[in-house]
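K.L.:
Heads up: the sequence lines are chains A and B, in that order.
Taken in order, the first sequence gives residues 1 to 238; the numbers are from our numbering.
Taken in order, the second sequence gives residues 1001 to 1077; the numbers are from our numbering.
It should be emphasised that the hints constitute simulated quantities derived from the structure, not laboratory data.
Take every hint as true, because none was put in to throw you off.
Label pairs and their computed distance ranges (CB to CB):
1) B:G1035 <-> A:A218: 21 to 31 Å
2) A:P215 <-> B:R1069: 25 to 35 Å
3) B:R1069 <-> A:T7: 51 to 61 Å
4) A:L144 <-> B:D1026: 39 to 49 Å
5) B:A1064 <-> A:G67: 29 to 39 Å
6) B:A1004 <-> A:V161: 42 to 52 Å
7) A:T7 <-> B:A1064: 39 to 49 Å
8) B:L1057 <-> A:A166: 25 to 35 Å
9) B:G1011 <-> A:L211: 42 to 52 Å
10) B:R1069 <-> A:R229: 16 to 26 Å
11) A:P215 <-> B:Y1020: 31 to 41 Å
12) A:M149 <-> B:A1004: 44 to 54 Å
13) A:D210 <-> B:L1044: 21 to 31 Å
14) A:S158 <-> B:R1069: 44 to 54 Å
Source: prediction; values computed, not measured.
Idealized CB from N, CA, C, for every residue including glycine.
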Amino acid sequence: MTTATATVFITTFLASTVEAIEMVAIVVGVGATRGWRSTWFGVTAGFALLVAVVVVFGLALGSVPIGLLRLVIGVLLLVFGLQWLRKGIKRVAARSLTGMGIPEVTDSEFWVGRGVDWTAFVLALKGVLLEGVEIAFIVVSVGLAAREMTAAIVGAASALVLTAAAGTAFAAVFNRIPRSFLQLVVGILLTTFGTFWSLEGLGVEWPSGDLSILPLLAFYAVIALSYTRIERRRVVAG
Amino acid sequence: MSTALSRVAAGVGAFFRFWYGFIVGDDWTVAAAVGVALLITAALNQRGIIAWWLLPLTVAVATAASLRRTVAPRPGG
Chain A
1 MTTATATVFI TTFLASTVEA IEMVAIVVGV GATRGWRSTW FGVTAGFALL
51 VAVVVVFGLA LGSVPIGLLR LVIGVLLLVF GLQWLRKGIK RVAARSLTGM
101 GIPEVTDSEF WVGRGVDWTA FVLALKGVLL EGVEIAFIVV SVGLAAREMT
151 AAIVGAASAL VLTAAAGTAF AAVFNRIPRS FLQLVVGILL TTFGTFWSLE
201 GLGVEWPSGD LSILPLLAFY AVIALSYTRI ERRRVVAG
Chain B
1001 MSTALSRVAA GVGAFFRFWY GFIVGDDWTV AAAVGVALLI TAALNQRGII
1051 AWWLLPLTVA VATAASLRRT VAPRPGG
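Let the hints inform the model, and build the full structure from the sequences given.
P.N.:
Here it is in structure tokens:
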């Protein structure tokens, strides 16, 4: 392996890992909260669309309107994430955190219907499609620039497989969390990613680029916990 | 024919109900606040004014206002 090949592999691996973590966080969160069957349909459909995009555009992926894609998917995730954030705050405030470790199988957000749960389907599809396109961008831009396309593809694929494996391990942990609290956590995640992507789609520059996701996540987590405490006081007061 | 038409109408209705629920949900004011914040952010960004803070701030305020308007659920409910 030459130095250039190793550099391309490491670069695409690290950059793709960041995107893959976002993808897996959404899929695992939605699957654990709503149920896995429709979430997997969404993941499959997302990857199928991604393959179609890659086949159609090929090395000309740069012509995909990524800004518009980020804006549309970001806004949809944000407004939906805010619904889960509010419901999660109200439910955690009502039930406190007592019963941690006892899954609430009767919780209304868990899909128990017969057909496809379109909410889980759409959320999983969007997460996979947007992050998948971003990973494809990384592969094409780094691979073409260094003329090391194979190393770029292997680096991105390794990142995706390893992150998915870690996500599978985390899914078991997620399944033990009460759904009201899980809904709050996933609501915070969707609100964070939705805010970040929608503003990126508008062309707004974040102070620290992709790293801005972390302080944004912390901000929304603090907001959610503060509001939960306020709601808890309202619940107790009457 | 009328059965087919009513099926199509039901399907279209279900499609719009799904997206209304997905985007607007139980409080239209939050979705509206996000929309307005995005428009203002885009306008400020066009003029070269740093505006990334506006959307998170709007989200925090709109969520607080929405929570205040709803009736507090009973403990254990």
